Amino acid sequence: MQKKRAIFEDVDSSSSAPAATPRYRIGGGQDNSRKALAVWLAVLLALVIATVISGGLTRIADAGLAITEWKPVTGALPPLNAEAWEVEFSKYKEIPEYSLQNKSIGLSEFKYLYWWEWGHRQIARLAGIVWLLGFGWFAVRRKVPPGWTSRLLLIGVLGGAQAAIGWWMVSSGLQGRMVDVASYRLALHLSLAFAIIALISWSILKLARSESDLLQSRRASDRRAAFLSSMLIAAFFLQLLLGALVAGIDAGQGFPTWPLMNGEVIPSEAFGYEPLWTNVFENPALAQFNHRIIGYAFLALAALAWFKVRRNPYRSIKNSFAIVAAFVLVQVALGISAAVSNAAWGLAALHQIAAVILLLLIVQSKFSAIYPKLKPLKRGGQ
1 MQKKRAIFED VDSSSSAPAA TPRYRIGGGQ DNSRKALAVW LAVLLALVIA
51 TVISGGLTRI ADAGLAITEW KPVTGALPPL NAEAWEVEFS KYKEIPEYSL
101 QNKSIGLSEF KYLYWWEWGH RQIARLAGIV WLLGFGWFAV RRKVPPGWTS
151 RLLLIGVLGG AQAAIGWWMV SSGLQGRMVD VASYRLALHL SLAFAIIALI
201 SWSILKLARS ESDLLQSRRA SDRRAAFLSS MLIAAFFLQL LLGALVAGID
251 AGQGFPTWPL MNGEVIPSEA FGYEPLWTNV FENPALAQFN HRIIGYAFLA
301 LAALAWFKVR RNPYRSIKNS FAIVAAFVLV QVALGISAAV SNAAWGLAAL
351 HQIAAVILLL LIVQSKFSAI YPKLKPLKRG GQ
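Going by this note's numbering, the first residue of the sequence shown is number 1, and it counts up by one from there.
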């Protein structure tokens, strides 16, 4: 007679059917893949930021037109002998910048300009290679978490578009009577670069935390703080566009006074171009005035955003908005210093570097608003 089995009894592990091993396990393969992707994207982010900074320095050095051709592969090699250098110099002599502005420079001065632009393009190439190799490696090994393939592909597509727009920008300065690139093309080129920075940094922030953690923290998200951070991002990109226009037409020079612009609230020549709408894009006086005014509005918006969330129960939200407000103030101070110095190259470069940091901080504030760390402040905000 078969013995009755107890309702509760120990089960020998050897007699039980083996459980199916999932592709990803909490704390296992999935988390490890997310961390590895975050590290790869952090390297890519550093290279994109380096590309932006080197591009700004190239612009300040007035070297952006030194290479008059776009050769994505063979262009990686610089001139390797005296004859090759003469060939490159002869190409440069055919563009308006040389005949109208730099006709007095020799080969040594041309090399200085060439190396700036070549270095900028090399960093951009390296960023593209890092994306391609990294994406390929993770895809082939099936280490991309569900839902992330399209996001990572988007980064690469935007990077390719950025390279094409970069050449489109450079080509605008190779004909007619142009001695610089078209300011609106520069604005688009710079804005897309910052959009890529924002996209990569957001991806890193998400990958650095587990899906379960994100799901749980999202339940505590602050919609008002998220809206305010979106307003800050919009204001940032508007100010970025205006700043690019200022750089594109050298509007940072000519008004080395503050708070007035050469003794006037609105420069008298601000609307002197015809047709009227061209003043926004081509008039140095109006371009710098707009950049200043939006800068003040941006500071006011950052202060308001901090004020609205200062009593938020989550420290990550409260602190991130406080840091953004403080850094906007720093950025405004740098902008004023650059203006009164007639756009001295060191201050101008620092102003652009600070813009990169500011965008990262704003993205962090939005992420904190949507995915706060679940450590509420003690009563009384202590």
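No lab work stands behind these hints, which were simulated from the structure alone. Mixed in with the good hints, there may be bad ones.
Taking lysine-lysine and the DSSO-like style, the derived pairs with C-alpha atoms no more than 30 Å apart in a straight line are [unchecked claim]: (1) K71 with K93; (2) K373 with K206; (3) K103 with K93; (4) K35 with K143; (5) K103 with K91; (6) K71 with K91; (7) K103 with K71; (8) K143 with K308; (9) K308 with K35; (10) K206 with K103.
In this text the structure is predicted, and so the values were computed from the model without any measurement.
Consistency of the hints with the structure:
no.: 1; hint: K71 with K93; result: holds, 19 Å
no.: 2; hint: K373 with K206; result: holds, 12 Å
no.: 3; hint: K103 with K93; result: holds, 8 Å
no.: 4; hint: K35 with K143; result: holds, 11 Å
no.: 5; hint: K103 with K91; result: holds, 13 Å
no.: 6; hint: K71 with K91; result: holds, 14 Å
no.: 7; hint: K103 with K71; result: holds, 26 Å
no.: 8; hint: K143 with K308; result: violated, 41 Å
no.: 9; hint: K308 with K35; result: violated, 34 Å
no.: 10; hint: K206 with K103; result: violated, 52 Å
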